[in-house]
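Peer 1: Now for the letters of each chain:
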Amino acid sequence: MSFSYRDDMASADIAFQAQGKTIEELFSSAWQALIEVMVNDSKKIKKSITRTLDLEQTSLPMLLLIFLQEALFYKDAQQLFLIVEDIAVSHEAGSYSLKATLKGEPIIKHKHRLGIDVKAVTLHKFNLERTDHGWEATVVLDI
Amino acid sequence: MKIQGIKKISNVLWEISPSFKGGMKVPVRIYASEKLINQMEKEVFEQITNVACLPGIVDYAFCLPDGHTGYGFPIGGAAAFDPQTGIISPGGIGFDINCGMRLLRTSLTYDEVKPKLIKLVDTLFARIPSGVGGAGALTVTQDEFCDVIEQGMEWCLKNGYAERKDLERTEERGCMSGAKAAKVSHKAIERGYKQVGSLGSGNHFLEIQVLRPENVHNRKAAEVFGLNIPNQIVVMVHCGSRGFGHQVAQDYLFQFLQAMQKDYHIKTNDKQLACVPFMSRDGQDYFSAMQCAVNMAFVNRQIIIHKVREVFSDIFKKRPSDLGMEQIYDVTHNTAKLEVHTVKGKKKELLLHRKGATRALGPGMEGVPFEYREIGQPVIIGGSMETGSYLLVGTAQGSKTFYTTAHGSGRVMGRHQAKKQFNGRELLQKLKAKGIYIRCASYSGLAEEAGAAYKNIDDVVKAAEQAGLSTRVARLIPIGNIKG
Numbered sequence: 001m002s003f004s005y006r007d008d009m010a011s012a013d014i015a016f017q018a019q020g021k022t023i024e025e026l027f028s029s030a031w032q033a034l035i036e037v038m039v040n041d042s043k044k045i046k047k048s049i050t051r052t053l054d055l056e057q058t059s060l061p062m063l064l065l066i067f068l069q070e071a072l073f074y075k076d077a078q079q080l081f082l083i084v085e086d087i088a089v090s091h092e093a094g095s096y097s098l099k100a101t102l103k104g105e106p107i108i109k110h111k112h113r114l115g116i117d118v119k120a121v122t123l124h125k126f127n128l129e130r131t132d133h134g135w136e137a138t139v140v141l142d143i
Numbered sequence: 001m002k003i004q005g006i007k008k009i010s011n012v013l014w015e016i017s018p019s020f021k022g023g024m025k026v027p028v029r030i031y032a033s034e035k036l037i038n039q040m041e042k043e044v045f046e047q048i049t050n051v052a053c054l055p056g057i058v059d060y061a062f063c064l065p066d067g068h069t070g071y072g073f074p075i076g077g078a079a080a081f082d083p084q085t086g087i088i089s090p091g092g093i094g095f096d097i098n099c100g101m102r103l104l105r106t107s108l109t110y111d112e113v114k115p116k117l118i119k120l121v122d123t124l125f126a127r128i129p130s131g132v133g134g135a136g137a138l139t140v141t142q143d144e145f146c147d148v149i150e151q152g153m154e155w156c157l158k159n160g161y162a163e164r165k166d167l168e169r170t171e172e173r174g175c176m177s178g179a180k181a182a183k184v185s186h187k188a189i190e191r192g193y194k195q196v197g198s199l200g201s202g203n204h205f206l207e208i209q210v211l212r213p214e215n216v217h218n219r220k221a222a223e224v225f226g227l228n229i230p231n232q233i234v235v236m237v238h239c240g241s242r243g244f245g246h247q248v249a250q251d252y253l254f255q256f257l258q259a260m261q262k263d264y265h266i267k268t269n270d271k272q273l274a275c276v277p278f279m280s281r282d283g284q285d286y287f288s289a290m291q292c293a294v295n296m297a298f299v300n301r302q303i304i305i306h307k308v309r310e311v312f313s314d315i316f317k318k319r320p321s322d323l324g325m326e327q328i329y330d331v332t333h334n335t336a337k338l339e340v341h342t343v344k345g346k347k348k349e350l351l352l353h354r355k356g357a358t359r360a361l362g363p364g365m366e367g368v369p370f371e372y373r374e375i376g377q378p379v380i381i382g383g384s385m386e387t388g389s390y391l392l393v394g395t396a397q398g399s400k401t402f403y404t405t406a407h408g409s410g411r412v413m414g415r416h417q418a419k420k421q422f423n424g425r426e427l428l429q430k431l432k433a434k435g436i437y438i439r440c441a442s443y444s445g446l447a448e449e450a451g452a453a454y455k456n457i458d459d460v461v462k463a464a465e466q467a468g469l470s471t472r473v474a475r476l477i478p479i480g481n482i483k484g
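Protein sequences appear in the order of chains A and B.
With this note's numbering applied, the first sequence covers 1 to 143.
With this note's numbering applied, the second sequence covers 1 to 484.
It should be emphasised that the hints constitute simulated quantities derived from the structure, not laboratory data.
Incorrect hints may have been included.
[Claimed, not checked] In silico DSBU-like links for lysine-lysine, alpha-carbon gap of 30 Å or less: (1) Lys432/B <-> Lys111/A; (2) Lys187/B <-> Lys44/A; (3) Lys125/A <-> Lys46/A; (4) Lys35/B <-> Lys25/B; (5) Lys125/A <-> Lys42/B; (6) Lys434/B <-> Lys109/A; (7) Lys346/B <-> Lys400/B; (8) Lys187/B <-> Lys158/B; (9) Lys348/B <-> Lys337/B; (10) Lys119/B <-> Lys307/B; (11) Lys119/B <-> Lys125/A; (12) Lys420/B <-> Lys111/A; (13) Lys420/B <-> Lys109/A; (14) Lys262/B <-> Lys25/B; (15) Lys116/B <-> Lys111/A; (16) Lys109/A <-> Lys119/B.
[As the list claims (entries may be wrong)] Label-pair restraints from in silico Cβ distances: (17) Asn38/B <-> Pro61/A: 43 to 51 Å; (18) Lys119/B <-> Arg113/A: 25 to 33 Å; (19) Ile9/B <-> His133/A: 48 to 56 Å; (20) Asn228/B <-> Arg113/A: 40 to 48 Å; (21) Asn127/A <-> Asn159/B: 43 to 51 Å; (22) Asp147/B <-> Arg113/A: 47 to 55 Å; (23) Lys47/A <-> Lys7/B: 57 to 65 Å; (24) Arg113/A <-> Ile9/B: 48 to 56 Å.
A virtual CB, placed ideally from N, CA and C, is assigned to each residue, including glycine.
All chains, full assembly: derive it from the sequences and hints.
Peer 2: Written as structure tokens, this is what we have:
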């Protein structure tokens, strides 16, 4: 997982840049960067609950955006912290699709070292591009 | 002045003409002192001039003294649109629809509360959920939640969570009547129905504050608002529509991104300004869904205040009415609303977008609760947990911004930088030594909210006062705070 938080991009909120040698690695890094804003000890999240995702979009950046939003949905709707266990991204006939298995556990206030709640993944400065080393995404989160 | 093209009109007013950027339909007006405008990031000027390019904008695009970078609109941004020819944009309202402030007064004094402060704050922290993904204090089914979002605070009144006076002292009486649950996605309902009565995190808070005699700026207005006891205790709440509102905004932002160019041939300078004509089916659907989120936030704050009344009642062993626990007012600072204003001498209905901006009606105006009408609408400005907050009142001169003023301090330091600079546990101890007792769900979150991360709130409210947008009534000093 490779990501770093960028203080110079969003003073009121949180921005990060995530990298991956493959597109799947990039998606996983970006998910992890998002989760670690909300829980400071994400490595301690137990993998006791499984959820699966099956998403489709016409562009890769939009696929990343709706993928990250699923982390917020599960955090609010089911009070779960989930980590990417397995992910595959494919491209066919102008459409990008993603299948992922997520594993995690319920949010427990006294157990997890909570960070800060994320309201939304924004389109502000949102970017996904190929680099010499693979892929890189820039994401700004609304806090 | 660091940005070329900005003209100084007065000590607290700056203007950017439409020649600044291609496509600007109206000038921009920024209400700020020189110090505050110099603290604004360059992006604020880009964003507010992008707003000035939107179809149907009327008069000016406004930036208020607490302006800072947002998404689409800057935070502290406002703009009015002709409902017939103009647009509606989720980026002009914010992800946290009806994020807002509520202020409750008590008849208790600081000396009466001080011995019980720790117990009060601990009990509030235990009974009012806060922090990441927190489930709310109210348990409702998804069907009941649909009633909540359509009926707003009327639902609370019917179900024993509100008093009639709470509704009378809330903007829109706590319910926007165009809310239709059918216009909201199932995902938004799933995301929000368990969160009613929860604070969330970030800059959201519940605070016990004291009004010291030396901090009363307008005695007459303070008395009308029921603040007439030396060292009187009040409770302030800052929160919004939680995951429900965030999902409503997200759903329609995506929908508008697709429809904007394909169906309506509108181009914007920023994807976060995605918009559609207000009178289009898409525009009306969003307006209705947004009103559901507005209502959810009013109910969210009402349930929190209901819990506050219960906690004070339990600890002081008196009924809330015997503790004088009456709501002063509830204002929203993230909305779009249809309002009638005077434009070039004629009354006109306008769609007012206010993002991190507060409605501030002047004396005698319809919409101000009858008991406050003589002096104007209360405006609640939330500050940091270290520096305090303000109660202001709207003015007749506020017509220049369609009766809109600031909403808070505005950040000057990034969250990551604040975490590096401040330690949450140390900050907690430092504030305790200063007489401010805090409970928080996250120490790192607490560090991000350090007072030094924000602009000086005194500068913000003074600039708003000098500009004639609102005037100071009282400065409220924190003594207890719960944060997510």
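Peer 1: Go through the numbered hints given earlier and state which of them the structure violates, listing their numbers in rising order.
Peer 2: 3, 11, 17 and 22
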